[in-house]
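A.B. asks: Spelled out, the chains give:
There are 2 protein chains.
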Amino acid sequence: MANARPVHRLSKKLYDARVPALREELVHLQVRLKEVPSKVLLILAGEEAGGRGEVINTLSGWLDPRGVETFAFRQPSDEERERPLMWRYWRCLPVNGRLGIFAGSWYTELLRAQADQGLPAATSAHHIEHIRNFEKLLVDDGTLIIKIWLHLTKGEQRLRLAELAANPDTAWRVTDEARRNHRLHDRLARSSARLRAATHRPGAQWTVIDAADPRARNLAVAGLVARKLSAHLKRLEAPRPKAPRIAAPKSLKPAGLARLLALPLDQKLSSSEYEAKREKWLGRLHRATRAAQAAQRSIVFVFEGWDAAGKGGAIRRLTSAIDAQDYRVIPVAKPTDEEKSHHYLWRFWRHVPRAGLVTVYDRSWYGRVLVERLEGFCTEPEWRRAFGEMNDFEQQLVEHGTIVVKFWMHVSADEQLKRFREREHTAYKQHKINAEDWRNRRKWHPYEIAVGDMLALTDTPSAPWHLIPANNKRHARLQILKTAAKSIEDALGL
Amino acid sequence: MANARPVHRLSKKLYDARVPALREELVHLQVRLKEVPSKVLLILAGEEAGGRGEVINTLSGWLDPRGVETFAFRQPSDEERERPLMWRYWRCLPVNGRLGIFAGSWYTELLRAQADQGLPAATSAHHIEHIRNFEKLLVDDGTLIIKIWLHLTKGEQRLRLAELAANPDTAWRVTDEARRNHRLHDRLARSSARLRAATHRPGAQWTVIDAADPRARNLAVAGLVARKLSAHLKRLEAPRPKAPRIAAPKSLKPAGLARLLALPLDQKLSSSEYEAKREKWLGRLHRATRAAQAAQRSIVFVFEGWDAAGKGGAIRRLTSAIDAQDYRVIPVAKPTDEEKSHHYLWRFWRHVPRAGLVTVYDRSWYGRVLVERLEGFCTEPEWRRAFGEMNDFEQQLVEHGTIVVKFWMHVSADEQLKRFREREHTAYKQHKINAEDWRNRRKWHPYEIAVGDMLALTDTPSAPWHLIPANNKRHARLQILKTAAKSIEDALGL
Numbered sequence: 001m002a003n004a005r006p007v008h009r010l011s012k013k014l015y016d017a018r019v020p021a022l023r024e025e026l027v028h029l030q031v032r033l034k035e036v037p038s039k040v041l042l043i044l045a046g047e048e049a050g051g052r053g054e055v056i057n058t059l060s061g062w063l064d065p066r067g068v069e070t071f072a073f074r075q076p077s078d079e080e081r082e083r084p085l086m087w088r089y090w091r092c093l094p095v096n097g098r099l100g101i102f103a104g105s106w107y108t109e110l111l112r113a114q115a116d117q118g119l120p121a122a123t124s125a126h127h128i129e130h131i132r133n134f135e136k137l138l139v140d141d142g143t144l145i146i147k148i149w150l151h152l153t154k155g156e157q158r159l160r161l162a163e164l165a166a167n168p169d170t171a172w173r174v175t176d177e178a179r180r181n182h183r184l185h186d187r188l189a190r191s192s193a194r195l196r197a198a199t200h201r202p203g204a205q206w207t208v209i210d211a212a213d214p215r216a217r218n219l220a221v222a223g224l225v226a227r228k229l230s231a232h233l234k235r236l237e238a239p240r241p242k243a244p245r246i247a248a249p250k251s252l253k254p255a256g257l258a259r260l261l262a263l264p265l266d267q268k269l270s271s272s273e274y275e276a277k278r279e280k281w282l283g284r285l286h287r288a289t290r291a292a293q294a295a296q297r298s299i300v301f302v303f304e305g306w307d308a309a310g311k312g313g314a315i316r317r318l319t320s321a322i323d324a325q326d327y328r329v330i331p332v333a334k335p336t337d338e339e340k341s342h343h344y345l346w347r348f349w350r351h352v353p354r355a356g357l358v359t360v361y362d363r364s365w366y367g368r369v370l371v372e373r374l375e376g377f378c379t380e381p382e383w384r385r386a387f388g389e390m391n392d393f394e395q396q397l398v399e400h401g402t403i404v405v406k407f408w409m410h411v412s413a414d415e416q417l418k419r420f421r422e423r424e425h426t427a428y429k430q431h432k433i434n435a436e437d438w439r440n441r442r443k444w445h446p447y448e449i450a451v452g453d454m455l456a457l458t459d460t461p462s463a464p465w466h467l468i469p470a471n472n473k474r475h476a477r478l479q480i481l482k483t484a485a486k487s488i489e490d491a492l493g494l
Numbered sequence: 001m002a003n004a005r006p007v008h009r010l011s012k013k014l015y016d017a018r019v020p021a022l023r024e025e026l027v028h029l030q031v032r033l034k035e036v037p038s039k040v041l042l043i044l045a046g047e048e049a050g051g052r053g054e055v056i057n058t059l060s061g062w063l064d065p066r067g068v069e070t071f072a073f074r075q076p077s078d079e080e081r082e083r084p085l086m087w088r089y090w091r092c093l094p095v096n097g098r099l100g101i102f103a104g105s106w107y108t109e110l111l112r113a114q115a116d117q118g119l120p121a122a123t124s125a126h127h128i129e130h131i132r133n134f135e136k137l138l139v140d141d142g143t144l145i146i147k148i149w150l151h152l153t154k155g156e157q158r159l160r161l162a163e164l165a166a167n168p169d170t171a172w173r174v175t176d177e178a179r180r181n182h183r184l185h186d187r188l189a190r191s192s193a194r195l196r197a198a199t200h201r202p203g204a205q206w207t208v209i210d211a212a213d214p215r216a217r218n219l220a221v222a223g224l225v226a227r228k229l230s231a232h233l234k235r236l237e238a239p240r241p242k243a244p245r246i247a248a249p250k251s252l253k254p255a256g257l258a259r260l261l262a263l264p265l266d267q268k269l270s271s272s273e274y275e276a277k278r279e280k281w282l283g284r285l286h287r288a289t290r291a292a293q294a295a296q297r298s299i300v301f302v303f304e305g306w307d308a309a310g311k312g313g314a315i316r317r318l319t320s321a322i323d324a325q326d327y328r329v330i331p332v333a334k335p336t337d338e339e340k341s342h343h344y345l346w347r348f349w350r351h352v353p354r355a356g357l358v359t360v361y362d363r364s365w366y367g368r369v370l371v372e373r374l375e376g377f378c379t380e381p382e383w384r385r386a387f388g389e390m391n392d393f394e395q396q397l398v399e400h401g402t403i404v405v406k407f408w409m410h411v412s413a414d415e416q417l418k419r420f421r422e423r424e425h426t427a428y429k430q431h432k433i434n435a436e437d438w439r440n441r442r443k444w445h446p447y448e449i450a451v452g453d454m455l456a457l458t459d460t461p462s463a464p465w466h467l468i469p470a471n472n473k474r475h476a477r478l479q480i481l482k483t484a485a486k487s488i489e490d491a492l493g494l
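Quick mapping for you: the protein sequence lines, in order, are chains A and B. Note that the UniProt record's numbering numbers the first sequence so that position 196 is 196, with each residue one more than the last. Note that the UniProt record's numbering numbers the second sequence so that position 476 is 476, with each residue one more than the last.
Hints listed in this document are in silico derivations from the structure and should not be mistaken for laboratory results. If you're wondering where the values come from, they're calculated on a predicted model, not measured in any experiment. Be aware that a few hints might be false.
Just so you know, same-sequence chains aren't split out, so a pair can sit in one copy or run between any two.
[Stated by the list, open to error] Below, a list of computed lysine-lysine pairs in the DSBU-like style, where the Cα atoms sit at most 30 Å apart:
#, residue 1, residue 2
1, K418, K473
2, K280, K334
3, K228, K443
4, K280, K482
5, K432, K340
6, K334, K12
7, K418, K154
8, K34, K340
9, K334, K34
10, K253, K486
11, K429, K34
12, K429, K250
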């Protein structure tokens, strides 16, 4: 019985005496969570037979079940496998007022991969980087993350497994995998300790809880949840200073603005030349998307640009080269209230295409560093960190095999004015112009600075920005078709 | 070349002359669709090689792609297979302002099943009943449904297949299945004609379009969409009479009210007796849910009842018997704006559990015939037809293998008053009582009538109502545990 410490078991009497107050506290905290509102993500991991299931059942019994959701994350479904690794977690994130319990998570997945395949250190480090980024993103957004590791020594684990095996109701839990994990206890403990150390970060710390005594373990978990949640709510309920007024923004990286301003806009393209070339490139784009589909690669197009830069028309030409059954256009307007209850990237994650399909985002997550930055819809720290978050999002898409093609459609201020007036004077275009467009136009220069920063800070090798001069509509459309076709061909190695 | 009629082909010149006006009209109609707002479901079906894909591509090119979504419905994903047949269609229904094109639909699925398996007539008739109900439900809810059948004679089909096979870009479309469908043309044409006749219903009529000449076919489809959409918008844009005031409701089926009023409410149950029996039934319920999971059967619990009848407490006891990873509790409050944009059943369909899992609805679709009926949140025709819609929904769940258990928790008006007062005087219960509860209480008698109608009209053999006397909390909780366990055991034949 090496490793088995003498366990000082908590008596049932003491346990029963402590539970009622703890339950009441938890339920009160849930009410406050709904009022603030905020959300909690509880990640439970631990050694084999540490009692994760029992902890979750106990905790769920103590909490108001209407505010809790538990996710087990067993085998990914085919819809999940066809998207980047983190998609399945994004789709299960709790909304405001709720507590999500993840039994099994990116940690379980990574540890299993390490144990099964002896994952190379570089791959592990890379996964860890994604995990850190994901947790930071949630914490920054106001989600309380509680990470608990239920710990058993090898000797304690042996005892627990023997107990489980002896009871006909629980014997099924002692699977071959459980036995193997027991044999490998010490090696697994070392690798999980390394993983915890690498992901023990501000706002997303690990708490290791001794799981040898089930009653003490339950109280420890529930007590930790109560303390963490209480502190979280206290922070949120405190009066917060008003967000400062929005001043004219300063450029973070003037190189981007310089690139934007240097873009020549006076291209010419005759109608006949356009038509001849258009057919050629539509054909190439069609073949490229079909080849991507055959390779089960998905494609994401991002369209950003000035109001009236011609996004709609360009999207129409682009999609005419793709089978209508294979693409979806996501027009990005105001978020729905469900979307508002999540991290700002959630509403874009939910439309990430399945294998072989295409999503066209008509405006996108970049709204965060454009309109939201300039209109004060988010705070300065929020839009500042968004650059990195968006790079990481696109990186995940690309690593999964998705081809990401981003366009900024650029017109001059004069050209925009001409198009606005035309819209106002053309009966069937009037719905395309409103007071907000004119308001945005008055902020042309601040917008230029924001666009420049976006171009400089999110132009990555795997998801570069394509600047499209768009004063000439024909030229712009043709360049988009070309760029789209070539980007896909390049990604496929054609 | 039997069957090949002499085709009078539409010249390219005439076609090109007609397209611009049609496109402009379609885009204008899309703008109005967004403003009303309403939604369109375009179902495209037809003979092999009728050009469904080309029609969709053409139409998508003419419409504003931001308002269109096309769904192909190829092989169902595992997430779809684990739910009732129609779940995959529910999840793809267009939201307000949008046009959904279903290339492939319940019709494709049924016709394929008929061709492959020689589906028994009774099964077909049963499917047809579900299709009729589903389309009626959407039409009643204000969705415009346009159903188009692209028709080719056998001779025309042979020509089209030969054309496709001759072109290296399209030869892949001439699959073995396509060849077989061509051989079976006449038989398939007869069975599809029967299917169309059986599903040609008010608001969901079929239009058969001759698909021999692609250009004429495209114009015919687009023209039909424009005409139907225009008429639909005209109806919706016309000033509508105000909904009448809500009068005290009259009972539709007094037997339900009688059943409710006859329920004895004065049961006694000692604390010790309760605890002993509770353990027994919790164990049985636990084993029953595990057996259901082993059989890949999912379970839906519906909790309805008076305010303060003890739904929350009962759900807490019930879920304590189920592994937390296997159930979700859906608290039904105000719908989100995304949910509001859909049929009222949509937000319940989206939470239908996967195989082996459990969903607990804390309040449910029955809100339609209770609070919505009494508060005038829906019109009288709406709540009147809801009874049948809800029966059909539950029928689909049951046919899929889901076990549906519905509870009405009943307290007397006096008992409710006592509990309301207690809530007001107990600090940590005050959040559970508000002005609305008192308002609802003043409508006790109208509510009784609505509950009675619900009990009478939605008490079906496969999804019966269980009336739970709930003046005594212990008795109510125990009876719920018992009923739940027995219902699952019965469904599993244990």
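A.B. asks: Confirm or reject each hint.
C.D. replies: Quick rundown of the hints versus the structure:
1. K418 with K473: within (13 Å within a copy, 72 Å between copies)
2. K280 with K334: neither (37 Å within a copy, 52 Å between copies)
3. K228 with K443: neither (43 Å within a copy, 43 Å between copies)
4. K280 with K482: Cα proximity of K280 and K482: one copy only (9 Å, versus 71 Å across).
5. K432 with K340: both (25 Å within a copy, 25 Å between copies)
6. K334 with K12: neither (54 Å within a copy, 42 Å between copies)
7. K418 with K154: Neither. Shortest intra-copy (75 Å) and inter-copy (55 Å) distances fail the 30 Å Cα cut-off.
8. K34 with K340: both (15 Å within a copy, 22 Å between copies)
9. K334 with K34: Classified as both: same-chain Cα gap 23 Å, cross-chain 14 Å, threshold 30 Å.
10. K253 with K486: Cα proximity of K253 and K486: one copy only (29 Å, versus 68 Å across).
11. K429 with K34: between (44 Å within a copy, 15 Å between copies)
12. K429 with K250: neither (35 Å within a copy, 51 Å between copies)
When each numbered hint is compared with the structure, violations occur for hints 2, 3, 6, 7, 12.
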